[in-house]
Structure formats: structure tokens, C-alpha cells
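Participant: What follows is the residue order along each chain.
There are 2 protein chains.
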Amino acid sequence: MLPITIAGIGHYLPSRVVTSNELEAAFGLEPGWIERVTGIRERRYVNDETTVGMAVIAAQRAISAAGCSVGDIDLIIGASSAPQQVIPCTAAFVQRALGAPDGHSACFDVNATCISFLVALQQAAHLIGAGAYRTALIFSSEIGTRSRSTSEPESAVLFGDAAAAAIITRTPANAASAIWGSKMVTFSSGAELTQLVGGGTLHHPNDPRTTPDMNEFQMRGPAVFRMAARTLGPFLDSFFDDLGWDRRDIDLLVPHQASSHGVGLLTARLGFTPAQMYLNLAERGNCIAASIPLALSEALAQKRARRGDRLLLLGTGAGMSICAVGLTY
Amino acid sequence: MLPITIAGIGHYLPSRVVTSNELEAAFGLEPGWIERVTGIRERRYVNDETTVGMAVIAAQRAISAAGCSVGDIDLIIGASSAPQQVIPCTAAFVQRALGAPDGHSACFDVNATCISFLVALQQAAHLIGAGAYRTALIFSSEIGTRSRSTSEPESAVLFGDAAAAAIITRTPANAASAIWGSKMVTFSSGAELTQLVGGGTLHHPNDPRTTPDMNEFQMRGPAVFRMAARTLGPFLDSFFDDLGWDRRDIDLLVPHQASSHGVGLLTARLGFTPAQMYLNLAERGNCIAASIPLALSEALAQKRARRGDRLLLLGTGAGMSICAVGLTY
Numbered sequence: 001m002l003p004i005t006i007a008g009i010g011h012y013l014p015s016r017v018v019t020s021n022e023l024e025a026a027f028g029l030e031p032g033w034i035e036r037v038t039g040i041r042e043r044r045y046v047n048d049e050t051t052v053g054m055a056v057i058a059a060q061r062a063i064s065a066a067g068c069s070v071g072d073i074d075l076i077i078g079a080s081s082a083p084q085q086v087i088p089c090t091a092a093f094v095q096r097a098l099g100a101p102d103g104h105s106a107c108f109d110v111n112a113t114c115i116s117f118l119v120a121l122q123q124a125a126h127l128i129g130a131g132a133y134r135t136a137l138i139f140s141s142e143i144g145t146r147s148r149s150t151s152e153p154e155s156a157v158l159f160g161d162a163a164a165a166a167i168i169t170r171t172p173a174n175a176a177s178a179i180w181g182s183k184m185v186t187f188s189s190g191a192e193l194t195q196l197v198g199g200g201t202l203h204h205p206n207d208p209r210t211t212p213d214m215n216e217f218q219m220r221g222p223a224v225f226r227m228a229a230r231t232l233g234p235f236l237d238s239f240f241d242d243l244g245w246d247r248r249d250i251d252l253l254v255p256h257q258a259s260s261h262g263v264g265l266l267t268a269r270l271g272f273t274p275a276q277m278y279l280n281l282a283e284r285g286n287c288i289a290a291s292i293p294l295a296l297s298e299a300l301a302q303k304r305a306r307r308g309d310r311l312l313l314l315g316t317g318a319g320m321s322i323c324a325v326g327l328t329y
Numbered sequence: 001m002l003p004i005t006i007a008g009i010g011h012y013l014p015s016r017v018v019t020s021n022e023l024e025a026a027f028g029l030e031p032g033w034i035e036r037v038t039g040i041r042e043r044r045y046v047n048d049e050t051t052v053g054m055a056v057i058a059a060q061r062a063i064s065a066a067g068c069s070v071g072d073i074d075l076i077i078g079a080s081s082a083p084q085q086v087i088p089c090t091a092a093f094v095q096r097a098l099g100a101p102d103g104h105s106a107c108f109d110v111n112a113t114c115i116s117f118l119v120a121l122q123q124a125a126h127l128i129g130a131g132a133y134r135t136a137l138i139f140s141s142e143i144g145t146r147s148r149s150t151s152e153p154e155s156a157v158l159f160g161d162a163a164a165a166a167i168i169t170r171t172p173a174n175a176a177s178a179i180w181g182s183k184m185v186t187f188s189s190g191a192e193l194t195q196l197v198g199g200g201t202l203h204h205p206n207d208p209r210t211t212p213d214m215n216e217f218q219m220r221g222p223a224v225f226r227m228a229a230r231t232l233g234p235f236l237d238s239f240f241d242d243l244g245w246d247r248r249d250i251d252l253l254v255p256h257q258a259s260s261h262g263v264g265l266l267t268a269r270l271g272f273t274p275a276q277m278y279l280n281l282a283e284r285g286n287c288i289a290a291s292i293p294l295a296l297s298e299a300l301a302q303k304r305a306r307r308g309d310r311l312l313l314l315g316t317g318a319g320m321s322i323c324a325v326g327l328t329y
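Going line by line, the protein sequences match chains A and B.
Numbered by my numbering, the letters in the first sequence go through residues 1 to 329 in order.
Numbered by my numbering, the letters in the second sequence go through residues 1 to 329 in order.
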């Protein structure tokens, strides 16, 4: 048990709403297909927002909710699937754009695609728990629409743009907040099921052999679903065994909002009830790493959970990886 | 103090040696200029090696040195400035290429450019110290030559390709190994001094406005040097104060091999002696995130340090960030 709390959380959504009907027209899909197959009715797309700009607004809201000041932050972790630019890390740009004091915080990025926020939360919890830092800002800011595939509408229509951020601190005296356990595993036999093959050393942007489709997100959706269906049950059994919790103990389950098939697994086969789950998939789409913290921020804004409740944050991501964090909010 | 040890370390160097004289001819520079200005006589360039392929050989050597098996690894952290591809993380591909069991380890990447290995070491130490994992593999594998600037020879000639990897575990009973302290700070006022502006959401590879130079590394070397010269002294004073160590206590200082000016600061102004320092800059160049673990691996292979010695790993990176880890090997 780590005496760590999500002291404040906030999010930012671009104002531009893009309906599934608009995308069906753009991609030449049958009207109604997107919502029927993916569960997504609409999602947000950026106008002229940047990764850093969205992260900063979400961070300011998280700081305000936590009742701390920007000068308190001594650790900034960028937890998005894509940086604003390759070098330096996005966290450094957020430090500056937030007006956080120069030289007062450590900045780095982590990348575990859709579950980056959970990986960063686990890291921040252990670093703060051990006294290495006091106040962490974690942000996930995604403009996944930049890497949508033009030839793969079934994945392209999933993505929405959004940012979310959280302030992580030691739990104040007399508060119940705690992180009880976190678990992550990677099944690299599924590494090619969800990928973006460009942007690195294999297909460098300046390599004349690199083609535009290499810089687009590709997903073998049915294969990802089958792999998740096969691995999530044993993963959850082991996670709950280690924690000594029962699935019924969870007051709110905030899953990565991947698709209606993905989140449907949790109630259809994995032992949770619809009443336990928070879903914003229909209005937000799949916001990649921002998905889980955005859903948590919206759920808390809607009073779906309160201090003292038991929360499970759970997601799968490219890799294929699964991560879960069990906490008392 | 964390009872954590670098149980084994290993590295991989491509066979292709590129001399500074060759690069002077290629870039139209005066013969002798590169070694005089940067301290680099030669460096390695990949032939057909990949980021993952180099990482795996370094990892196998680290595993062998640690006397463990690939099945013991339950955490794999990729700590390089560039991934092999954007999605999924490079760590997942290393899990698979190593033959590590599917679903047995957590895989993610961290990015803090040149000091990524130190950030990953700090994370692994705290995660293992708290019992979240037992055996971590950290690798840094760099093909920086892919992003060399064609118009900026003074930075282009610095880079060498290499990989290094380490196995991190809890210190065995009766051994003295420990991590005594680590410290990192970021001065984002220097964010533009060292950058690669492409490859992210700001200048996406498929954006028609993205130009090839945006996908190349750019550095304002003299400004980076001035910033490092101004910030490293107070950083080190604070680091040593927190640790209760004196600079003379350090048996071996392994700095990021950035340039002769950069490493020269450590002896000229920052209180260390040449005898304390391990340098491979002349033969390896700046291997970005692989620089520090490569230098440590080579220093240990040359018996420059032994178990029980006090080591300081220290580097600056884009951000601009500084990171130091003080440990008993």
C-alpha cells in the first residue's frame, strides 16, 4: 500500500465536435455503421490546439483542483502516445508553458501507448512514496487524429483528441487515499496487432523508402479483441488475488475507452457490472493515453465517485500490454 | 538508500568504424578540425543493425554477466532517445526478440534523451525497492546517425551508434551494492537549445509543410555549454550535500560523453580529477542515451571499478535536464 493520492485532476476537450455521421460521409461508410460497430457517436478534433497547449490547460485545472501551486511541482511526467516533437521531451515544454520554475522539477516522458498514464501513475506513486519527489504532475495529451489511417476507416474513426492531467502527492494525514496495487504485463506476441511503424529508426521520416501509410496508425481490431479476451481474465484474477479484493469491492471501474467491444468484455465475460463502469466512449471516442485520465476526470466531475471509494483503472494498449491500478480515491 | 544493484551490464558496438578524417572529407571540413574541437577521433556507425537488434545483443551480454536467465526478467524499460517505431514501445519488441516469455514482463519506454538510462535506473530502483518488480532489464540503443543534420556538421559529427543494457535487481545478502541517491532537474528555458522538431504532432511526417531539416537533430552547442556551465555547479553541490558525500569520495565518475568541452567542465571547474573520470569519447563519440551505460560497461570491462566502489553517473540532456545517480557498485 502506498499512501498516495490523486490530489487533483482536470481535462481539456477541443470545442470541435465531429459526429460519426460526418465521418461516414467522409469515408463513404453506410450511415449508422460507426456507432453500431464502435459505440462512438461523436468525438472531438483539435482546431489549432497543440499537444502542449492542451496539456497545460488540463494541468492548470488539475493544479487548481488539488489546491496547490505550480511552484510545488517537482516532477512532470509526459504520458502520451506521441510527443509534440521528438526532442526534447514534451514534459519540458509543459514545464515552461505552465510557468513552472526553471530547474525546480524533473521532466521526462513515458510511452506505453494507451496505458501510458497508468505507467506514469505507478512510477510517480513509487517515487513519491520513497520520498524522491513530493508533487508530481502527470499529463496525457493526444492529437491522435494526426496519425489516422486514410485507408483503414475502421481504426481511423475511433480516435478523438483530448488532454487530461493529474497532481499526485502523498496522502494528507487522516485521509484514506491510497494506491493498493498496480500490475502490468506485455504480450509481445501481439506487437504487430496495433502499430505505427514510422517515426523511428526503422522507417525514418527522411528515408526515401518511407511511405505516408507507414506514418499512420494501423490496427487489426478483431485480433486485438481476441488477444484481450484471452489474456484479461487471468490478468484480472491474478491482480485481484494479489490485492485480496473482490470484483464487487470496486465502486468505480474506469477502463480505457477503446471500443464498445473492448469495454463490453468487462461486463460480458470479466465479472463487472454495468453500474460499476464509467463510459464516455460514445461522446469522446478513443483518446489513446488521455482516455483513462479523461474518463476519470469526467466521472469525478459527475460525482460518480467520492473520496474513500475504491477505484480500478484498467486498460490495454499496443504491445500488447495490460495495466491495472487499484486505489482508494 | 536503496538496496539495489547493477547485477550485470553489457554493450554492443557496430563493427563499422568511421574516422573523423573521413567525416572531414565528407563535410568539407579542415583536416584535424573535428578531433581538435570535439575530442572525437572515431565513432561507430551501423551497417544493417536495427535498434532492437543491437539492444538484444547488449541485453544478452548483461543477462550473462548477471548470471540470470531471460525468464527472470519481469520489467523491461526502453531508455533511448528514439524508438524503433512510434507504436508499440521498443521494449515490447525487445521482449519478443530476446525470447522473454510472453506476458511475464511489463514493457514501456522512457524518454529523457541523453539521460534516459539514468531516469530508467531511478525508476527501476524504486520499483524493485518497493517490491513491485524483481529483475529489470534497461536498454539504451541508439542509431543517432539516422537524424544527423546535413547542414550542421558541428553536431552531425558528434554522434556514434551503440547499445548498452543492464540488469537491475535487489542487492544479494552480504553485498554492499546500493543506490544512495539520484537527482534530476530540468531547465526548460533551454528547451530549444537541443532539439529535433519533427516526428511528433507539431510537424507530423505526413504534413506537407514538414521539411527534411525538421527531422534532423539541431544543437546550439555554445549556448548548451554555457547553460551547463552555469547550472551544473549548483546542481552538484546540492546533490553532494543531500548525499553527505564529498567529490573526493567518488572512485569512478562516468559522465555522458557529450563533447570534450562538456566533459572538460567536470575537471576544469566542477571539482573532479582526471583520474576519477572514465572517458571513451575519442573512440565512441556521443552515443546519446547509450553513452552513459556504454561507458560504464566499458569501464567495468577494463576493471576501472570493482564491487564496493563509489560511482557517480552524471549527464545533461535536451530539456535541458541534468541527472545524477550516486551508487556503490
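Check before you lean on any hint, since a few could be wrong.
What the hints assert, rightly or not - Covered by chain A, according to a simulated footprint, are these stretches of chain B (three or more residues, beta-carbon under 8 angstroms): (1) 10 to 24; (2) 102 to 108; (3) 310 to 322.
To be verified - Computed, partial: chain A to chain B, Cβ under 10 angstroms: (4) Pro3; (5) Ala25; (6) Leu29; (7) Ser64; (8) Ile76; (9) Arg96; (10) Asp102; (11) Asn174; (12) Ser177; (13) Gly181; (14) Thr186; (15) Asn215; (16) Glu216.
Bear in mind the hints are in silico, worked out from the structure with no lab data behind them.
All C-beta atoms in this analysis are idealised placements derived from N, C-alpha and C, irrespective of residue type, glycine included.
Participant: So, for every hint listed, does it hold in this structure?
Facilitator: Results for each hint:
no. : hint       : result
1   : 10 to 24   : violated (count 0)
2   : 102 to 108 : holds (count 7)
3   : 310 to 322 : holds (count 5)
4   : Pro3       : 12 angstroms, violated
5   : Ala25      : 22 angstroms, violated
6   : Leu29      : 22 angstroms, violated
7   : Ser64      : 21 angstroms, violated
8   : Ile76      : 8 angstroms, holds
9   : Arg96      : 4 angstroms, holds
10  : Asp102     : 5 angstroms, holds
11  : Asn174     : 24 angstroms, violated
12  : Ser177     : 17 angstroms, violated
13  : Gly181     : 9 angstroms, holds
14  : Thr186     : 4 angstroms, holds
15  : Asn215     : 4 angstroms, holds
16  : Glu216     : 7 angstroms, holds
This entry does not satisfy hints 1, 4, 5, 6, 7, 11, 12, going by the numbered hints stated previously.
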